[in-house]
Amino acid sequence: MMELRSSSQCKMLFEEKRDHLESFWLTIHNEYPEVAGEAMMQLLQFPSTYMCEVGFSTIAFRKSTKRNCFLNPEYDVRCAWYPIAPNFAKLVNNMEQWHYTH
Numbered sequence: 249m250m251e252l253r254s255s256s257q258c259k260m261l262f263e264e265k266r267d268h269l270e271s272f273w274l275t276i277h278n279e280y281p282e283v284a285g286e287a288m289m290q291l292l293q294f295p296s297t298y299m300c301e302v303g304f305s306t307i308a309f310r311k312s313t314k315r316n317c318f319l320n321p322e323y324d325v326r327c328a329w330y331p332i333a334p335n336f337a338k339l340v341n342n343m344e345q346w347h348y349t350h
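Just add 248 to the spot in the sequence shown (first one is 1) and you have the numbering used here.
Note that these hints are calculated values from the structure, not bench results.
Please read these numbers as outputs of a predicted model, since none were measured by experiment.
Accuracy of the hints is not assured; some may be wrong.
[Unchecked claim] Label pairs and their calculated CB-CB ranges:
#	residue 1	residue 2	range
1	304	282	26 to 32 Å
2	338	297	29 to 35 Å
3	251	308	40 to 46 Å
4	339	301	25 to 31 Å
5	337	286	18 to 24 Å
6	344	285	47 to 53 Å
In this text, a Cβ means the ideal position worked out from N, Cα and C, and glycines have one as well.
Sequences are here, hints too, so could you generate the full structure?
What follows is the structure in structure tokens.
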């Protein structure tokens with residue numbers, strides 16, 4: 249971490265890519281894999297203001313209307329973020345059913 253902070257090359261690169269942080273961390277990933285990997289994980293949680301707003305709205309809705317069913321809010325938020333609707337029929341058809349004997 250100290251090497252990264254004191255590197256003038258990294259400082260210049262950061263100033264160039266200030267508006268695109270993911271690009272900066274991808275560029276220095278080979279030199280600083282642990283720090284860059286952690287930074288990317290943080291950036292990927294909320295890649296845009298829109299997604300942050302969607303996540304907040306989803307949490308607010310779930311807490312107000314579905315308070316008793318609010319067990320794992322992260323699943324609701326992740327589903328709200330993705331624009332692709334799951335194909336439930338295909339998922340159910342591909343499931344294996346296990347029959348247990350008593």
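Verification of the supplied hints:
no. : hint                   : in the structure
1   : 304 to 282: 26 to 32 Å : 30 Å, holds
2   : 338 to 297: 29 to 35 Å : 33 Å, holds
3   : 251 to 308: 40 to 46 Å : 42 Å, holds
4   : 339 to 301: 25 to 31 Å : 28 Å, holds
5   : 337 to 286: 18 to 24 Å : 39 Å, violated
6   : 344 to 285: 47 to 53 Å : 35 Å, violated
Consistency note: the structure conflicts with the earlier hints numbered 5 and 6.
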